[in-house]
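Student: For reference, the chains in residue letters:
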Amino acid sequence: MSGSFRKYSAFVTATLFSLLLLAQTTSAVLAHPLGNFTINHFSRLQVETSGVKVRYVVDMAEIPTFQEIQAADKESKDGPPTANWLKQYAETTASRLAQGLVLTVDGVRVPLQVTAKTISLPPGAGNLPTLRLECDLTGSFAGSLQTRRLKYEDTNFPERLGWREMVLVPGSGVSLFDSTAFGNGLTDELKAYPENMIAAPLNERALECSLSQGALPAGAAALKTRDGKTVTPSRDQLAELISVRELTPGVMLFGILLAFVLGGAHALSPGHGKTVVGAYLVGSRGTWKHAGFLGLTVTITHTAGVFALGLITLFASKYIVPERLFPILSFVSGILVLGLGGHLFIQRSRALAGGHHHDHHHHDLHHHDHQGMESFTHTHDGNTHSHLPPGMDGEKITWKSLLALGISGGLLPCPSALVVLLSAIALHRVGYGLILVVAFSAGLAGVLTAIGIGFVYAGKFFAAKEPQAKNGKLARLVKVMPVLSALVIASIGFVMCLQTVPDLKTALHPPTAQTQVVATASQPKEEHGPSLAGLGAIGILGLGLVFGLKHATEADHVVAVTTILTEHKSVARAAMVGALWGIGHTASIFMVGLVVLVLRISIPENVSSWLEFGVALMIIGLGANALLRALLHQPEPHVHAHDLETEPYLHKHESDHPHHHHQPGPHLHLTKNVGIKPLIVGMVHGLAGSAALTLLVLSQITSTILGLTYLLVFGIGSIGGMLLMSGLVGLPFVLAAEKLDRFHLGLRVVAGTLSIAFGLWYAYETGVIF
Amino acid sequence: MTVFKKSLSLVVFLIFSSLLILTGCQTPQPEPPPKAATPPIATPLPSDTETTEKIIRELEGRVKTNPVDFVALNKLTGYYLQRLRETGNFSYLELATKTTKASLDLLPAEANKGGLRGLIQVEISSHEFASARDHAKQLIELEGDKNYPYQLLGDALLELGDYEKAAEAFHNMETRTTESESAKVPLEQRFARMAFLRGDLETAKRNLTVALNAALAATPPARETVAWTRWQLGETAFQMGDYKTAEQQYRDALTTYPDYYRALASLGRVRAAQGDLQDAAAQYEKAVRILPDPTFVAGLGDVYKLAGRTKEAEAQYALVEQIAKLNKLNGVLYNRTVAKFYADHDLKPEDAYNQAKQEYAARQDIYGADVLAWTALKAGKLPEAQKAIKDALRLGTKDAMLFYHAGMIAKAANDSAGAKQYLEQALKLSPQFDPLQATVARKALEGN
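Line by line, the protein sequences give chains A and B. Here the numbering used here is used: the first residue of the first sequence is 1, the next is one more, and so on. Here the numbering used here is used: the first residue of the second sequence is 771, the next is one more, and so on.
No lab work stands behind these hints: they were computed from the structure. Among the clues, some could well be false.
Derived SDA-like pairs (lysine to any residue); straight-line CA-CA distance at most 20 Å [stated by the list, open to error]:
no., chain 1, residue 1, chain 2, residue 2
1, B, K1081, B, A1052
2, B, K935, B, D970
3, B, K907, B, E944
4, B, K868, A, I198
5, B, K834, A, G228
6, B, K871, B, D818
7, B, K1095, A, Q70
8, A, K151, A, A220
9, B, K834, A, A220
10, B, K871, A, I198
11, B, K868, A, A199
12, B, K871, A, E195
13, B, K1190, B, G1166
14, B, K824, A, A220
15, B, K907, B, P878
16, B, K1151, B, Q1195
17, B, K871, A, A199
Source: prediction; values computed, not measured.
Here chain B stands alone, though its shape is the one from the complex (with noise of 0.2 Å):
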């Protein structure tokens, strides 16, 4: 069936897996709040969930009397792929799929250019990057005059690897929006994103806290969008080692819209950090209760794993494997969660070098190439390893992982001044950037 074979992993990235629609009002503000450095205390937005399926139900009514509605259509897509967002259920991407496509059939994107736009906003969420390309440069031809078109061309062109015509589309989106404070949350966050890449995590800090007083600007705010921001806050100073910061984002996340997955997932991690492994355990298994989604279930089996709790720890890892064979049987492509998965645990080498290799074929991120690389190095593929890592490193993006997979590939090389360089930097950089791969870091660089 193809339902799910889009791949399960695909919530929690790090990468933009988040479209942010625009649902707020667009309310002129008389006075805008000042760009504050820190971020604003939080608290709990009231839940739109209940409107947001009333509103379902009543376009999906629409849709059942009268099927050549693409209006209605067009914008059961849009509150798919935000119910998706916030639940993770791959359901409503489907049903995303099938009201992009529904409309698309009744009127050619060329008179649609809502049914084109809700089409690139499900291949984003599929992971089909570069149809979602061709079709935002079909959309721009369309409407080039509006800023959207520009993001979605940037969003695929991001996850495609290809960043600097991915940074020339965010500045064309920038210069065809107006200014207003609902316009700057997408922004803003593209921004961040880019900075954070380039290994600015400053200014990459400084974009997320204006994008997220501009959220909170809106009447009402989108919750998670709010929360979103936050989070991704937090995974900004969990990259810059300020576990505190970090844990205290999630929980303005988690206040924000309680439960919010991925905040729940981020907060063991960072409480594993901070060397609360119980708390840490109690995080991801609420995480994985709601989405037992690969990475939060690898994550809880580290956490059960540094506790000791090893009987625990084997029964999560086997439970990624029954995800990472769901995945295959559904005819996933991008699967490097689970890649990455088999190389920290040193299984299936060949299996998760392939996998990785495959995705990166298709797509040539900097991330691709960081679990190219770090399958490669476990496979035994050294001047793969190294070949990828460099282009892993190649926007300069300071994240502890790629450094310490690029100390790892030096070590293994036999060059153990750049092995020290990298596991240094890595370690300065988060010292407990993960669980159990920081501690093998560590004695990698003892061992030097």
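Isolated chain A (complex conformation) (with noise of 0.2 Å):
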């Protein structure tokens, strides 16, 4: 869970370096980083209670990778290799080089079976091929509940220069200590070699660690990270529930209650449909009942999920890899959304068109009234069917859709969870896992029905206020609202399908067993992230759209804009604020970017770190802001609803705040319309997510222009993505403004208080303090 949210900068590096790399397939002559003759390697070792996964990457340079097809192949020496001489070369050299990984425990030798290789020659100086070679090895050992001392050496090419990673990693429930080895790398699996730094080339050629099940022994120093940071078996909250050492009725119900927040706070982090179930329940006018059914399946859903996937990785992961699972759940509740949203949109254009949608504002305000008793089987224009009461504009919500929506919801077991699934079942705590898995999936649905019943209150006071609404404009925007609401739906599916293509491409089409060939010497030199070798610029570009779309809703982005709507009472101001804060965003990413790209400066790691911390900073400062201002009932600068327009006229403050005359003269609207807050809380955003643009120098970027279209498409993008958001996410506060003004009120208090919330922990993220 606390991943997601850094998605941020690995997202945006991830883009660009291979956007980059596919650049420099085309003008560039580089050589090895580290030098024509290097060899390197690479060990993570995953430790689990009974058994080690390795994932071992070779890297050679242009001349040994010369040397190792001479030798290879004495035959044939002109031309590149085939496929076919690749495949033959990596199956045998990955069990050349698995028997010269050195593995033993307490002094008994573990031998590594290799599970996984994949072979690829990235161009290297002068289209002159490279070699990267990338195993995953497992050796298991019989579990014990003693502390034992775990060995590893690689002793592959032993004389060849070149770079010596390994790092550690524990798993569920094993705690390694007094290691030699750190739990972090330095180069991504030898993708990114630190050129900037000052930094010696690693050589690291042999670990020693101890290992225990469950907490670390007394005495023992922790595995810790280059910087000196303590690893923590996983830093996961939910899994540590799990592996506390007494288990009490107090600890147990504490932990119950935290995994409920846990899920509720896990629904708020990017990708859990909340869009989705608010244009929906939006757009089709819901109801409280449907909020709660949606809940319902979200936590069913999700707890089958959880349940399923922990069986099949218990018993069935020799069939079915669990990871590989991922990405098709993924693809399905992608598509589950997407179908969704094509036929609401379908339905809903439909409806729109039809011209019989006035008849039912009668009947729609009558519904409302009534929901509550209503059976859900009725009759309706002379038909009977199987249906929740009546949306407006003729369009229905039907149980099916509705349980699609929470299916897709629910759908993607959240891996904490199956963390705590599977940690209860190897510290035999099974009933108090499978509660603690409940509570989470109750957690995260208690928070999407709560958003859900947010929208359906927000809708129900649109519909109910729409008849008497004078202004043509807003009554436009409700007809046109559901049809909207479904674009949203079905353009988000789509994303959702987009993201999962590469994953699913390897999922589909395991190397498991067999080797499998990314890349012939043509291509570029890795695949980081979706694969953009087969797309041109404009391809490229449009990429940089939809992830500027997705982008503008990390989550630290969707909470410092909303502390700004709570202030805005209207849906074009809230997109303004939400449209400004993109620009803001773009306008320092791009200028960072042109710094960075065009000078080939690098924003140093330190520097990014405190510049999120300024970031979580500010996001405290608006919360307390927002809070402040709520709670002493300060007037805010702000508009009418159906104030659409935006021509500046003269106003008492009578009209709107009845109960509050805080600033009796008339003023001026326009000047404090939405203001450069917004602006400036973008700007601060871009400057913090341009830290990801460091990694951009350090693949040494050759076009600069395309870097910096990129970056313009990619904020065009953002801007296009929080106008959006921001208008969605400020209607429960417009409408809410608009008559009730102390729901508007709490509204504005809830969104303060979470705004501070999140904006520590986030500066806890950072880790700049503490």
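With the hints as a guide, bring both chains together as one complex.
Tutor: Shown next as structure tokens:
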């Protein structure tokens, strides 16, 4: 969970990275970053209770690659190696290298089996091939409750120059300590060497560590990262709940509560269909019941998903690899959402064009009064069908679509819930683990339901006031709203599907047991995130737009914008806030991008974490400000919801805030319309995010223009995304403010408090303090 | 990318690629050991790699927490260059370039002599001899009373072929050197080099022996310095045709420092000279595994060829060409090893000649002149070859390879008396100076 917000930089980086690598193939002459002679090694050991998973990567520069090809194939030294040759080479080399990896546990050699291997020939200097062999190996040993000593040595190519890196990762329920190795790597599996740093090549040829099940023994030195931070078995609060040493009723109760809260927090992280839920319910005038049903579906689906995947992991992992199921599940939920959105769009567009929607206005109101008591099967327009009370404009919420929505929200099990279940089984606390998973799922569903209810409320309000609306624009908006929401749903579904495609490819064609030839000499150096190899410049820029759209919905962005939104009471203003944020964000990313790309300057890592820390402080500040204003009942610069035109006009406050007359004089509205606050906030976000550009320089960009264009398109996408998002998020505030001052106050208080809490958590995450 | 534009071939050269930084303690010696004519028996010296790497990590940590710590940066430059000498890994040269640049960016040379010193060392290692010379002059203005600026100046001048001024610089270095064993090491090494170039092999040997004893007297002795000096002693013996001593010196160097790649390659060459092609190939193979330096690779190819392993020889030659291609791509200016390889194997004569010519324009040392002469001959430019070989022989250096080239050029010019004299001189000095070329020389002499 904690990682999802960090996707930000990794995400931007990955995208840009692949983009630049593409550019590199066309123009650049790039030597291997560590010299033409080197053979570089990377090992990552994930230590489980009764086995070790090793990720082993060998990256050969041009000269050793040439030598290897020469040595392995003396017959035909001309021309590039064929895919068949590569496959053969990978086959023999992987098993040979596996022999050179010496793993012992308490002095007993643990043989390592190669489970997967991937070979590629990324082009190096002058398009001469370099060779990259990635192997996954496993070794197993009998489980034991005793503390054991593990040793690992890489004896391959001992004489050769090169970077040698080792990383230790504790598996679930395992503590690693008294280690000679570190818990994190520096090169992303030899994909990005720290060229701009002053750091001699790593020379980690062997490691030793102790392992035990459960918590760290007293007096042991915990595994550390390279900057001296302690590595917790998995920085997963939920997973930690299961591994507490003493299980008292108090601890259990606390655990269940915490699991519930964590589930709720998880629902707020990106990718849980909040927007979908909101858009759906707003567009369709759903009811409390719908929201409740949705929550229930999500809980059941999610719990069932965790259980099913847990069982697969336990008993069928030989046949089905759980990691490979994730992208498939994401894809399925994406398809579900896409289908739902498309279906609704067609239905609602038809309804909009159909012209008999006016008949239902009264009808609609009527239903609102009786929803709670109504049977779901009833006669409507002479036909009997099973459905929820009809929405407006003739379109209806069906159980089927609601179910689809709920399933799509819960289908993808949260990995930390899965870890809890597996640890629970490992620690013989199955019952407790199950309860935790259910509590977690319930928390998840609770928040989704709450969001849904919020939207239902807002929607109802909207609909209720609609007949009285004198403003024609609002009425038109109300009519178009369902179609718009259907569009939003469909596009989110599309993005969801699109994002899973690269993962899906590997999921459907697992490299297990047999060699996968990934790239030939003419292809880009690596596949980082979605493969851009096949896309032209237009395709890349298109992807930039999509990523930009998605980028706007990152949690820290939404939180910051929401607090500003609480001050505005118009959908247009809200959207304006979003757009301004996007412009600020784009401006600073672009500016920094320009500096980085043109001057080839990188932003040091500590600076970037300070910048992120600054974002956290800003979010806290915004929250505090919103909270203070709400509590002091200060009038905000605002406009009326019916005032969708932006021309300035003078008015008195009484009309808007009958109970508070803090600012009796007339004032000009436009000057305070939206303010520059969102612009500044956006710029700060952009500045913090620009740290991700550091890697850009590391990867030796060659096409500055393409890089900048990409940034620009990405920025435009993020403006659009935030515009949509803020319009949608701002809706409840707008609607609540219109009639119910107290409710609006409540919303503002909640938004302010949440913002402060999020800011604190985010500050902690940056790791600058504590 | 600029990272590896430096010549891959710079590692193993007879020339002074090695700058010796005195890391040993300056403990006064109560009784200086006798200046033995024969070098002392070799013992393995403890590896200081782990300590050095640890120090490097600590210094890197200092720089990370305090990026303006120029003292740490200067120290890092020294350690990186030490690792470069020990491993031949150009990552270290790149790192040293970064640290020295960072240091001088923080504090200008006037106030940062350590930074300037590092810069000169980096420039010499990167074969930027002209700017190394200029910076050394700048350092002399700042620290004219110390010996080391003259050492750096002399090294740069030596590589530029300005031998008179180099000798003068080393003289200045000597007058500013206090009497101590550790100070003798760099001084005697340089005297040995000058003596060798002037054809006084006995003096060179004596100087190197003194340097070796002085290096061993340090507590603890610097492993690479000891191994390097022994290797140089071996090279001198090889030039004198004393293959047995040469072999012993190389083996001693390897005892001191196992897998010392310079000694391994030289051992391969001397084993070939002694006729043990199998062992020669084994030694070369090991050296190439550690560092595929084009000289080693070409040497291995020659040994294979001599042993009738044609296919394997071809593979090694293809590898040399591959390295040459990379050098070219990386913008390497000094490519004499590859140029000589082409000329030796009658490949790409025009390419080789152009490379040699380009390099000689930048630095007029005798070995640059030799490669120019040799490649000019192969490219059919006889007058230029004659002119260049004259330059190459101007110091009276006793090197069989120079004599062989001179003989072949004389033969091409129909000067059979000159050809006979030079070829005989070459074969007398070192009958098996090169696995393939010695045979060519012999045939040329017979057919003369």
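Student: Each hint should be assessed against the structure and marked as holding or not.
Tutor: These are the hints, each one checked on the structure:
no.	hint	verdict
1	K1081(B) / A1052(B)	holds, 17 Å
2	K935(B) / D970(B)	holds, 19 Å
3	K907(B) / E944(B)	holds, 17 Å
4	K868(B) / I198(A)	holds, 7 Å
5	K834(B) / G228(A)	holds, 14 Å
6	K871(B) / D818(B)	violated, 27 Å
7	K1095(B) / Q70(A)	holds, 17 Å
8	K151(A) / A220(A)	holds, 17 Å
9	K834(B) / A220(A)	violated, 28 Å
10	K871(B) / I198(A)	holds, 11 Å
11	K868(B) / A199(A)	holds, 10 Å
12	K871(B) / E195(A)	holds, 15 Å
13	K1190(B) / G1166(B)	holds, 18 Å
14	K824(B) / A220(A)	violated, 23 Å
15	K907(B) / P878(B)	holds, 16 Å
16	K1151(B) / Q1195(B)	violated, 24 Å
17	K871(B) / A199(A)	holds, 15 Å
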